[in-house]
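Asks: Protein sequence lines correspond, in order, to chains U and H.
Using this note's numbering, the first residue of the first sequence is number 1, and each one after it goes up by one.
Using this note's numbering, the first residue of the second sequence is number 1001, and each one after it goes up by one.
Be aware that a few hints might be false.
[Claimed, not checked] Chain U regions said to be covered by chain H (calculated; three or more residues, Cβ under 8 Å):
no., stretch
1, 351-360
2, 384-391
3, 495-509
[What the hints assert, rightly or not] If we take Cβ atoms under 7 Å as the criterion, some of the chain H residues that face chain U in the derived model are:
no., residue
4, A1011
5, G1040
6, R1050
7, T1088
8, V1164
9, P1264
10, R1268
Source of the hints: derived by calculation from the structure; they are not laboratory data.
This one's a predicted model, so the numbers in the text were calculated from it and none came from an experiment.
Note that beta-carbon positions come from the ideal geometry of N, C-alpha and C, so glycine has one too.
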Amino acid sequence: MKRRSFLASTAAVGAALATPRIAVAQNTKVLKFIPQANLSSLDAVAGTQYVVRNAAVMIWETLYGIDANQVPHPQMCEGHTVNANFTDWTFTLRDGLLWHDGEKVTSKDCVASLTRWMARDTMGQRIKASMESLEPVDDKSFRLRLNKPFPKMLFALGKSNAPVCLMMPERIAKTDPFKLISEYIGSGPMKFNTAEWVPGSKAVFEKFAGYKPRPEKGEWLSGGKIMNFDRIEWIIIPDAATAAAALQNGEVDWWENPISDVVPLLKKNANLNIDIGDPLGNIGSFRINHLHPPFNDVRARKAVMMALSQTDYMQAVAGDDTNLWKTCDSFFTPGTAAYTEVGGELLRGPRDYEGAKKLLKEAGYNGEKIRLIVATDVAITKAEGDVTADLLAKIGMNVDYVATDWGTTGTIRAKKDAPSAGGWNIFHTWHAGADCINPAPYTALDAGGDKAWFGWPKSDAVQKGIADWYDAPDAAAEKKALEDTNKASFDNVTYIPTGFFLQYTSWRKNVSGVVKAPFPVFWGVSKT
Amino acid sequence: MFAYILRRVAATIPVMAVVALFVFSLLYIAPGDPAAIIAGDQASPADIERIRISLGLDRPFLVRFGSWVWDVLNGDLGTSIFTNLPVTHMIAQRIQPTLSLMAITLAISLTIAIPLGVVAAWKQGTMIDRVAMVFSTLGFSVPVFVVGYVLAYVFALSLDWVPVQGYTPIEQGVVPWFLNLILPSIALGLIYMALIARITRATMLEVLSQDYVRTARAKGAGQRAILFVHALKNAAVPIVTIVGIGFASLIGGAVVTESVFAIPGLGRLTVDAILRRDYPVIQGVVLMFSFVYVLVNLAVDLLYTLFDPRIRY
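Pulled out of the complex, with its shape left as it was, chain U reads as follows (with noise of 0.2 Å):
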């Protein structure tokens, strides 16, 4: 071979291995979005991630769907009949539902993915507690009989919560409902492409060509859902200062939970629109122990509850600017129908450090270790944790600053052991404020003693509430419960909500449609 010939054909080769490939075509819509962690699972009714029930919901819907009102409309239902007491409903499919292998969806597959939902949510363990039976009528009909009044109901069916009630074909609704199921086919308007799945790196969502959007404008899970993406490609960026820089830099199009630190960066660059994502917020959490001494006695619970400041955490948590916190002295979210402040007066007012004192010397307390396990991992639990541990030592009680990650925290709280035996006091976490609407979806709420969430709480007025709340046939009925619930939740101190707290999100200027929503809806959202 002659120089110049060899030149020339390294060129060549060169050139070719230097031309991009496109492995998309170019004119195809897509949609870059940094989710709020990493997508390590995809089964929204085994787990309760909410980066998973966010993901969940563009690959399969539900039988009813909540608008922005929290009121549940048909989605994959043509609609429903039911008796006078509610206790005979029948639902109906409507016409032309597919599931993404192109099956048709039938009363069966619905059937059984109640069934392995009503396994996992505690309204739908409350529907099956009193179920009769349920059961496919026809192809397009199934019928659900219960022997107690559930008016509930489509709220149930219908709500964004996790453990959401998604609809599968039967074979993978079948899955145990405490196995991850992995086959991801479902009927909504996105189809999960599982090829081009990299845990921790990217997930990509295809537009499913045989979903038929329902004619009403889409809001939240209900109305429809129009895709104007052929892709949606979840890009995962653990670190949030390369988050910022490829938000700005146009390589992303919109970022679901910009850290705060970042946010005053981002809303200088005039190619970016800043907003709070959730309007639901976050009720932060001071979960306390209830099994072991000295939070074992009410006293004691009430001695932190009268010192603690909202406002210290807040700032901890969320920084100086006000637009992002405020103080609640309830345990649910402020601005919706359910949010009361009976029974919170003990938040309200001048900290009392010495009133603190005094009630945990009434308390027995004595100098004993306080074992505050903080998850220093999450910025907001850290935050948490050092407001705290400045709080107790104010109130002269003797803290054991356990610093570990999420992970670790996760195994120490279920442990019911003496905090002296490695069990614990107090940890931090904090419950979006989707699920602090009400008492259904608010598993830190229940005060049910053994079968209660971390902390065991136990307080017959406090599930009298829940109950009554369950059973109320009207709106005045379900405020006086609600009021009722949130009472006993604060003599009870089932835990001390340490504030009120919001997220922005943002997106590139060419990006329009984002709503404020408590998971992002990407139906009608579009890209110029």
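Fit chain H to the known structure of chain U by using the hints.
Replies: Below, chain H without anything else, positioned relative to chain U:
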């Protein structure tokens, strides 16, 4: 030689066995529960316990270890607890970005660090030497993530020459592949360059004071020939050793670099798996890394024979 290679490869088996037992034991005693993570924050303790049972995490240590070893011996590294994907598939997805990152890092590091060390030794005590050693000290001192952020800010965000993050497979074009990797490679390679430059300088200083170098000069050999033909070849053994040892720090650095630049490599897979307590993935990746590390050391030992014919196995 062939017998030596066979012996060394065979010796990886007990090494891997010890690594496997160590990693498995460590994960067994480490706190953390994948069931709690799968279940999510709203799940009840009873739900989490049911998930633990369904995952087989309630089984005794020996049963779990025996079952895992049996699967590994049959070529099955298991299935991710979270994604239900085979661990081998997840590793295969991630191996190209990590190998690419390491290859470019290695190429850049050796291309810059060895000449830098040689020139610093040649010009010992001069400004060139001092600048080279300041660069080397900086390379040691500045953390990878700081270098990464600065590079990304200057070359990606301000100048817009390269992307901020991500990875383009080489099949989709060499140029985009290279552009995605150049900043991470520099960030990752800086400490490696510093290490190699310092060792090269020190070794070259020792070699340059040898009699045979003086003889070469006396015979009229040019400076370039003395430095790169006579001296460097004889200084190569310690340099190759440090390149091999530095490979471990390269793996560690890749974890941070891949996170900063959002590269879907094995480093990020490891971190994600550890944070989620995805035991099969952690075990699989650590086992693979230890195997690669053993092979790199074998390659280093074999390279000795190339640079120093007196070494025989």
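Asks: Regarding the hint that T1088/H lies at the interface with chain U, is the smallest CB-CB distance below 7 Å?
Replies: violated (14 Å)
Asks: Against chain U, is P1264/H within 7 Å by beta-carbon distance?
Replies: Result: holds, 3 Å to nearest chain U Cβ.
Asks: Under 7 Å, Cβ to Cβ, is where A1011/H needs to be relative to chain U, so tell me if that hint holds or is violated.
Replies: Not OK, violated: A1011/H not within 7 Å of chain U, min 33 Å.
Asks: Per the CB criterion, is R1050/H less than 7 Å away from chain U?
Replies: holds (4 Å)
Asks: So is the stretch 384-391 of chain U in contact with chain H by the C-beta rule, three or more residues under 8 Å, or is the coverage claim wrong?
Replies: violated (count 0)
Asks: Once the shortest beta carbon distance from R1268/H to chain U is found, is it less than 7 Å?
Replies: holds (6 Å)
Asks: Once the shortest beta carbon distance from V1164/H to chain U is found, is it less than 7 Å?
Replies: holds (4 Å)
Asks: If you take the shortest Cβ to Cβ gap from G1040/H to chain U, is it below 7 Å?
Replies: Because about 3 Å separates G1040/H from the closest Cβ in chain U, which is inside the 7 Å limit, the hint holds.
Asks: Closer than 8 Å, Cβ to Cβ, for at least three residues: run that test on the stretch 351-360 of chain U against chain H and report holds or violated.
Replies: It is violated: at least three residues are needed, and the stretch 351-360 of chain U offers just 0 whose Cβ sits closer than 8 Å to chain H.
Asks: Taking a Cβ-Cβ distance under 8 Å as contact, does the stretch 495-509 of chain U have three or more residues in contact with chain H?
Replies: violated (count 0)
Of the hints listed earlier, those the structure fails to meet are numbers 1, 2, 3, 4, 7, in rising order.
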